[in-house]
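One line per chain: the protein sequences are A and B, in this order. Those letters in the first sequence? Residues 4 to 224, per this note's numbering, in order. Those letters in the second sequence? Residues 4 to 224, per this note's numbering, in order.
Think of the hints as simulated: they come from the structure by calculation, not from any bench. Some clues are possibly wrong.
Stated by the list, open to error - In the DSSO-like style, the derived pairs of lysine-lysine whose C-alpha atoms are separated by at most 27 Å in a straight line are:
hint, chain 1, residue 1, chain 2, residue 2
1, B, K221, A, K6
2, B, K16, A, K16
3, A, K216, A, K105
4, B, K221, B, K105
5, A, K52, B, K16
6, B, K52, A, K181
7, A, K104, B, K6
8, A, K27, A, K220
9, A, K6, B, K105
10, A, K16, A, K60
11, B, K58, B, K216
12, A, K105, B, K16
To be verified - Reference listing, derived: stretches of chain A covered by chain B, where coverage requires no fewer than 3 residues with Cβ under 8 Å from a Cβ of chain B:
hint, region
13, 18-27
14, 76-86
15, 98-109
Just so it is clear, CB atoms sit at the ideal spot from N, CA and C, and this is done for glycine as well.
This is what each chain is made of:
Number of protein chains: 2
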Amino acid sequence: MEKITINQKILSKNDLNAMHLRNKFATNKTLVINMMSSPGSGKTSFLEKVLVRLKDKYNIAVIEGDLQTENDKQRIEAIGVRAIQIQTGGACHLEASEIDKKCQELGYENLDLLIIENVGNLVCPAEYDLGQDINIVMLSVTEGDDKPLKYPTIFFNSDIFILNKIDLLPYVDFSVEKALENARTIKNNLDIFQISCRNDEGLDNLQAFIETKILAKKRCS
Amino acid sequence: MEKITINQKILSKNDLNAMHLRNKFATNKTLVINMMSSPGSGKTSFLEKVLVRLKDKYNIAVIEGDLQTENDKQRIEAIGVRAIQIQTGGACHLEASEIDKKCQELGYENLDLLIIENVGNLVCPAEYDLGQDINIVMLSVTEGDDKPLKYPTIFFNSDIFILNKIDLLPYVDFSVEKALENARTIKNNLDIFQISCRNDEGLDNLQAFIETKILAKKRCS
């Protein structure tokens, strides 16, 4: 078997900020999810679909990270969920200090769920802790089943792997079996969900999973 | 209209290396193309398709950039084209010094066409000059027509925009018109090609374009 090397950087300043951030989220019992993927894998479409199911039950906010534009913030607001945009300019990832600043604007209190949609990038965001409880890596079936092996750090640093756009499987050369095997080669205890935001396949399970996590966080002392 | 800010960094050490590299390519009359896109947009599939048409007419080599694996190098070699892999470990882009090192291994002389397949990343590679003649940005129709506005630096720094996987247009919500308009908002003189590596649509035009550029470089003194 091919050897896959995973490098872990020491990012002390961001790690320290993330630690403080994690403490604040713990105090407020806010579940924090950091979503990472390539551009166009469907992070915002997924949020539109799942948050519309959760928004009347929980107090939710979304932080949108993009190089430019406020498109994603507007899409989230259009479904009636609070959103705040970070425009990074040229920067390829979000950092804990930016999240802290935006959370002060949002208000830390009474937030059940905070979702951070990171900059579309399968490389750099993986190495920056944002104080999250759950890292999600999303891959769409149009991107190729080899990607977990080619971008191992982000799969290794994630808790959940969402395989998106499974409605397109008949039209692309993509082996689900191989993709999952490759992902498990990098991290064998990844929680894996297969979904389609076009026909809602798999969304019930994922919604239930997120709700379980929100409630578990509430019970934490 | 929304204001799009494009930041340009000063990367003096890499710029200096790229300048030397560009001089070497000029001396040897080698056309150099740097291909950039998100992971899974289809860079390697495109190279497989187009290089098989060119390999008997020109002396070609490919430098493959990936965080891990030699998969892409093996795919290029399988069609009978020389390929050399750069495994970046965790690094999110290639730099000119790495290209120089690999070109010394390949031999600078008698190379008509060098293709650099950059790390799959729509952010960071855009800011690193590799001594190329042509920067290509590739986007597939599954990634969304808003991407040129959200990742403006890479579109601004490119000469050619390849819209790939147009065979999937019937199955996705993607407006070609909007994508091209967005790209031209960022850079109005982009050369644009629409292709499918599944049914070969658009490949004749792109092949002809590349051959014209190879021959033009040969005529440069």
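Original post:
Can you list which hints this structure breaks, lowest number first?
Top reply: Of the numbered hints, 1, 5, 10, 12, 13, 14, 15 do not hold.
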